[in-house]
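Following the hints, position chain B against chain A.
For the protein sequence lines, the chains are A and B, in the order given.
No gaps in the numbering here: position 368 of the first sequence is 368 in UniProt numbering, and each next residue is one more.
No gaps in the numbering here: position 53 of the second sequence is 53 in UniProt numbering, and each next residue is one more.
Honestly, I wouldn't trust all of these hints.
It does not matter which identical chain is meant; a pair holds if it fits inside one copy or across any two.
Cut-off 25 Å, straight-line C-alpha distance, at most; resulting in silico cross-link-like pairs (SDA-like, lysine to any residue) [unchecked claim]:
(1) 132 / 357
(2) 108 / 367
(3) 255 / 371
(4) 255 / 368
(5) 108 / 333
(6) 258 / 107
(7) 258 / 367
(8) 337 / 371
(9) 326 / 37
(10) 108 / 199
(11) 13 / 342
(12) 230 / 241
(13) 330 / 81
(14) 233 / 267
(15) 54 / 258
Since the hints were made in silico from the structure, they are not lab data.
Values in this document were obtained by computation on a predicted structure and should not be read as measured data.
2 protein chains.
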Amino acid sequence: MEPLMGVGKAGLKSSNKPDILVVLLPQSCNASFLFTTNHFRSGSVIYSEKVFRKRGTVRALVINSGNANCGVGPEAVLHAEMMAEKAAALLDIDPEEVLVFSTGVIGKPLPIDRVLQAIEDACKLLEPLDLKRASEVISTTDRYPKYDFVKDGKLEVYGFAKGAGMIHPQMGTMLAFLFTNALLEEDVLHELHREVCDRTFNSITVDGCTSTNDSFGLISLGVVREDLQKVRKAVEEVSLSLATKIVEDGEGATKVIKVVVKNASIELKARMLAEKVATSLLVKTAVHGRDPNWGRIVAALGSTPFPIDQNSIRVYIGNHLLYDGKVHSKAVEAARKYMEENSVIEIIVDLREGKSSWTYYTCDLSCEYVRINSEYTT
Amino acid sequence: MEPLMGVGKAGLKSSNKPDILVVLLPQSCNASFLFTTNHFRSGSVIYSEKVFRKRGTVRALVINSGNANCGVGPEAVLHAEMMAEKAAALLDIDPEEVLVFSTGVIGKPLPIDRVLQAIEDACKLLEPLDLKRASEVISTTDRYPKYDFVKDGKLEVYGFAKGAGMIHPQMGTMLAFLFTNALLEEDVLHELHREVCDRTFNSITVDGCTSTNDSFGLISLGVVREDLQKVRKAVEEVSLSLATKIVEDGEGATKVIKVVVKNASIELKARMLAEKVATSLLVKTAVHGRDPNWGRIVAALGSTPFPIDQNSIRVYIGNHLLYDGKVHSKAVEAARKYMEENSVIEIIVDLREGKSSWTYYTCDLSCEYVRINSEYTT
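Chain A on its own, in the form it takes in the complex (with noise of 0.2 Å):
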C-alpha cells in the first residue's frame, strides 16, 4: 500500500497554478515532525505541533503554498484546524492525525473558504504518490522540484520537498516530507531523524535567515523490518540530495559551497566553525568572485567562542592547502582555477586537535541576491 495524493488549487499563487496538496497515508504511521525554532511562527506549525505532540500518529498531511498563514493574529491557527477537518471528514479519519503545513508570503490572511473547497477538490480525486509533481504543488519560488528516492534490497526512502534559499521575498521557507517502508519504533525515529536533521537540512544556509514556517516530517509506513544502520544511511542519503538541492537553487547561487571541518576536539566546535564560514558574507562573496580568500576564511573561524590555534590549523580550497601557519602563495593560483572550473567549492579546514567533524552547506553571494530582494515591495 502506498501513500496517496490529491491535489486542490485556491488561487493563492500569482502563477495561479496548484497550490493544495493532500496526502494521505496507509494507516496510522509512526512519525517525527521537526518545525522551525523560530519564536514567530505560522498558525500551520503552531497546530501542527501542538496536535503532534499530543497525539504523535499521522495519517494525512494537507499543505498549501501561495500563504504561509503567518502574522495575522490568532485565526491563522484557527484556520490550520478548518483544513484539517475538512480532510479529515472527507477522508474519514481522525482529524487529530492530520496536519497542516503552509509556505508562502506572510501578513495575508488565507481566503479560507476557497481553501476548504481546494481541499474538498483534491480529497475527491486521489491518485498515487508522484514526488515531482508533489514537489511542484507545494513550491513557490523554486525553479525546479525537489525529490529523490533511494531503494536498498527491500528497503526504500522516498521524499519530496521545496525551497530555493530563502529568495521568497519575504524568506523562504523549506518544507521536507521524507516516507520509509520500514518499521521504526517512535523512540527509534525521533532519534534517526533529530540526527540526520542536524547534519542536512540543519546545516544548510543560503543567507542565515531562518523562516517562519520550516517543517520536516519522516514517516514510517512500518513495512519492512530493516537494520537500523541501513535505515539510517538511506534516510540520510535522501534528506541529504534535498538539502543540497535547496541550496542549489538559491537565487543568485552559481556556486555551491561546502565547509568542512574537521579534526576538531569536539563536534560543538566543529559545527559552530562550519556555520560561521558559511555564513560569513566575505567569505561567501570571495566565492563569488573565485578568489582564494583563506584571509577571510581563518578570520570567521577566528570569530565564535571556540578558541583556534592560528599557527597549527591547515586551510585548504580543493586539496590545495593555502595556510598552515604560514602563506602557501603558489597554491594561490590552482586553488583559484579550481574554484572557475567546479561547481561545488569545498574549503577544508583542519584543526588537528580531534575527531570530530562537520559539514555545512551553502552558496556564493551576488547581486543577483541583493536585487531580487531589494526589488520586493511590501
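Okay, now just chain B, sitting in the frame of chain A:
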C-alpha cells in the same frame, strides 16, 4: 600639556601615502584597551595586549596602516616588539609603555626595515596631535577621516578612528583612540570603557564579520577632576559619533539603519534581538530597496534563543506602526516615504514586557558591497 604626534612613510599602502603614526603622551597615563575577540589575531594585538596587561599604563602609541601584521607566523609578534622598542629608544621612554597597532592586508610580512626607518622619521618630527591628520594616516579604505571633540566646561574628550565598515577586501579593521583630560583611576576607567564600548563600537555592524585587528583605546591624561557621569556622557558622545561615522562609511551603504529594541525583560535579550535584526541580510536588502518589510524584521526577531510574543510586540519604521499582532497596511505607504526621505532609518521594536533596551547600528546591503568584495583578488 597635549599629546604629540609624528608621521612617517614605509610604503605599505598602494596609495604611497603616510602609513606610520606615532603618538606621544605627556606622561605615563592610565588607560583601557579593548581588542578584537577574534581568536585569529594580529601579532600587534597579541603583543600590545600582553604588554599592557603586564604594565597597565601607556606613554606612546605606534600605529601602522597598510599591513595587518597578521597571518604570517610568530615573527609578527617579534616585529611588533621591534617597533615598540625603536620608538621607545628614540623617545627615551620605557618600551613597556609603548603599544603597537596595525591595520591592512593579512598574510604579507611587514617590511620591517622600512617600518623601523619610518618610525625613526616620525619620532624626529613631533608636533601637536592633529585629529584629522592622525585619522588620515591610519586609514586604509576610509572615504573620509573620522575624529571628534567634546568640551564641557573644563572637561575635554577627543578621539580619532578609522574603519570603513569592513570594506577592506580582506576585512576592515576598526581602530579608535580616545583621550580625555579627566583624571580617572584604573578600575573606574576600565569599567567606563567597557560600558561605553558595548553600547557604541560593539553595537555597530556592516556585514557581521569580525576583524583580526580591532582595537579601541581610552586614555586618561589625568589633568582635571571631573564628575564621573559628566565624563561618561562626553566619552559616550565621542564614541558614538566615531562609531556611526564608521557605519556611514560602509562601502555601498546608502542608508544608516538604527535598530532600537525597547521594553525588553532583560538587557541581553534587547541586545541579541537588535543584533539579529541588524545583521539580517533580508532586512538590510529591504532597506536598500526602501521596502518597509516588517515580515523580515519579525522573522529576525524570532530567530534568537529568546522567545517573543508575536501577538503583543509592536514594530515601527520611523514612527509608523506597521505591526502589533496584526498588520497596518495603511502605514506601509507612509513608512516607504519615510525610508526614501531619511538617511538614517529607525527600526523600532517595542517588546512591551520590561524596561531594558538596546540600539544597534548598521547600514543597508547593496550590489556595491558584493561587487567590491568579490572583485578583490588574493
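Structure-based check of all given hints:
1. 132 / 357: For residue 132 and residue 357, the Cα distance exceeds 25 Å both inside one copy (33 Å) and across copies (49 Å).
2. 108 / 367: Neither: 29 Å inside a copy, 30 Å across copies.
3. 255 / 371: both (18 Å within a copy, 16 Å between copies)
4. 255 / 368: The answer is both: 13 Å in one copy and 20 Å across copies each meet 25 Å.
5. 108 / 333: between (51 Å within a copy, 17 Å between copies)
6. 258 / 107: Between copies, since 24 Å is at most 25 Å while 35 Å is not.
7. 258 / 367: Cα proximity of residue 258 and residue 367: in one copy and across copies (21 Å, 24 Å).
8. 337 / 371: between (28 Å within a copy, 20 Å between copies)
9. 326 / 37: between (40 Å within a copy, 21 Å between copies)
10. 108 / 199: Neither, since 34 Å and 37 Å both go past 25 Å.
11. 13 / 342: Classified as neither; 35 Å inside a copy, 34 Å across copies.
12. 230 / 241: Answer is within; shortest intra-copy Cα gap is 17 Å, inter-copy 61 Å.
13. 330 / 81: neither (62 Å within a copy, 30 Å between copies)
14. 233 / 267: Within one copy only: 20 Å inside a chain, 45 Å across chains, cut-off 25 Å.
15. 54 / 258: neither (38 Å within a copy, 43 Å between copies)
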